[in-house]
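Asker: Given only the sequences and the hints, what does the whole structure look like? Please build it.
Line by line, the protein sequences give chains L and Y. For the numbering used here, count along the first sequence from 1 and bump the result up by 25. For the numbering used here, count along the second sequence from 1 and bump the result up by 25.
Please keep in mind that the hints were generated in silico from the structure rather than gathered at the bench. It is possible that part of the hints are untrue.
[Said to hold, decoys possible] Below, a list of computed lysine-lysine pairs in the DSS-like style, where the Cα atoms sit at most 25 angstroms apart:
#: 1; chain 1: Y; residue 1: Lys138; chain 2: Y; residue 2: Lys169
#: 2; chain 1: L; residue 1: Lys138; chain 2: Y; residue 2: Lys56
#: 3; chain 1: L; residue 1: Lys55; chain 2: Y; residue 2: Lys138
#: 4; chain 1: Y; residue 1: Lys111; chain 2: L; residue 2: Lys56
#: 5; chain 1: Y; residue 1: Lys111; chain 2: Y; residue 2: Lys169
None of these values were measured; they are calculated from a predicted model.
Protein chains: 2
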Amino acid sequence: MNLLILKAENIKHNLATVAGRQLEHLISVKKCTIGDSIRVGQLDGMIGTGVILALNERSATLRVTLEKSPPLSVPLILVLALPRPKMLRRVLQSISSMGVKELYLVNCHRVEKSFWQSPLLTEEAIEEQLILGLEQARDTIMPKVYIRKLFKPFVEDELSRIINGTEAIVAHPNSPEPCPMNLQQPGTLAIGPEGGFSSYEVDKLASIGFSQVHLGCRILRVETAVPVLVSRLYPA
Amino acid sequence: MNLLILKAENIKHNLATVAGRQLEHLISVKKCTIGDSIRVGQLDGMIGTGVILALNERSATLRVTLEKSPPLSVPLILVLALPRPKMLRRVLQSISSMGVKELYLVNCHRVEKSFWQSPLLTEEAIEEQLILGLEQARDTIMPKVYIRKLFKPFVEDELSRIINGTEAIVAHPNSPEPCPMNLQQPGTLAIGPEGGFSSYEVDKLASIGFSQVHLGCRILRVETAVPVLVSRLYPA
Chain L
26 MNLLILKAEN
36 IKHNLATVAG
46 RQLEHLISVK
56 KCTIGDSIRV
66 GQLDGMIGTG
76 VILALNERSA
86 TLRVTLEKSP
96 PLSVPLILVL
106 ALPRPKMLRR
116 VLQSISSMGV
126 KELYLVNCHR
136 VEKSFWQSPL
146 LTEEAIEEQL
156 ILGLEQARDT
166 IMPKVYIRKL
176 FKPFVEDELS
186 RIINGTEAIV
196 AHPNSPEPCP
206 MNLQQPGTLA
216 IGPEGGFSSY
226 EVDKLASIGF
236 SQVHLGCRIL
246 RVETAVPVLV
256 SRLYPA
Chain Y
26 MNLLILKAEN
36 IKHNLATVAG
46 RQLEHLISVK
56 KCTIGDSIRV
66 GQLDGMIGTG
76 VILALNERSA
86 TLRVTLEKSP
96 PLSVPLILVL
106 ALPRPKMLRR
116 VLQSISSMGV
126 KELYLVNCHR
136 VEKSFWQSPL
146 LTEEAIEEQL
156 ILGLEQARDT
166 IMPKVYIRKL
176 FKPFVEDELS
186 RIINGTEAIV
196 AHPNSPEPCP
206 MNLQQPGTLA
216 IGPEGGFSSY
226 EVDKLASIGF
236 SQVHLGCRIL
246 RVETAVPVLV
256 SRLYPA
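Answerer: Following this line, the structure appears as structure tokens:
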């Protein structure tokens, strides 16, 4: 945790209250004591400093001063075939830490039905992973995650509008074109499941304006491909 | 598993025997049956096709034809502060899938002592993770992993020779220079632990010729930073 993220409802008159996982982290990992000053940020707000005024096993109170903007976001909309739950957790953290602010988790032919039963897909569980990513990267702006269980209507009715004004690309092995580097405009990137999008799905994406790109001859797992692709399109 | 990797000792007169985890994968995940043809590669050798001649719960026999070279390697030597075991597993798989062939796992000030007790550090456990990465990326060339528990003698006596003829860089937050992109020569990349290398360690690396580079203002976990850095230095 490189930044303690506070929700607005937990800050009153510059005094913030911390409990639960974050309190545990302050005590056990950071070994904080009263008087210590730590980096804090308000969720969806500014970044600054918190001085610990009180600390016990139930809660901590901090006086916070917020004066700095969070880092720039990556102008990328990510469309991801729902990965298996273990991987989803890591992908949520990594996209959040890299500054992606819009993620669509979609169903498609090669997504295993059982993945949709994962308790990780509740709003609270998703938020928890995203906050871990923000805390890691010292960002405060919560990414928005949308769940779309029907591929065809999503692509036809919604995605066709979402990609307006963006460079829309789908990562697909064996495409003739390599993935572009250092995009100078907003982008939409679609990444398929293990085994890839079906031809029908790639054609559907192509029909609304996606170009197909490859990432070399190596096939990477989604948890590796996501950081590689995001940083290739928008290097820090 | 996108490539079934066979050890030379399990291939005789073009007939290969498969058991254990790989057999389980052929049966349960790939649902293979006799007559099926799958992608195979010989560890540290060529890639080709295997036709399943016999298959039961104990073993499978394949007739293999090997005719293609594995993909190009990444000309990068990675020097990594030993990460926590959970992360080490993923890093081993990801560097292996990305084509890195030389990894030094080193001790330094902010590496927790307990990490060195991990059963993941046995030769067999490391090999297992690396093979998973090769199978993922359809590569056959086993990376070499070296364990170095003493930072100072490693840097002074060994690393100073290892970096000869390479561009040596250390990823260090707050450095003035950004990490280079698309290196046109071999590289050596050092990545610190959570919390970073100490000033002493960075100075030590600088003293033998490492330049310090940053990756933007976001601090990424090592499992995210490794794919980002490797692909930034050597894009596919």
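Asker: Against this structure, judge whether each hint is valid.
Answerer: For each hint, the structure was consulted:
1. Y:Lys138 to Y:Lys169: holds (23 angstroms)
2. L:Lys138 to Y:Lys56: holds (18 angstroms)
3. L:Lys55 to Y:Lys138: Measuring from Cα to Cα gives roughly 17 angstroms; hence the hint holds.
4. Y:Lys111 to L:Lys56: holds (23 angstroms)
5. Y:Lys111 to Y:Lys169: Given that 25 angstroms is the threshold and the Cα spacing comes to 20 angstroms, the pair holds.
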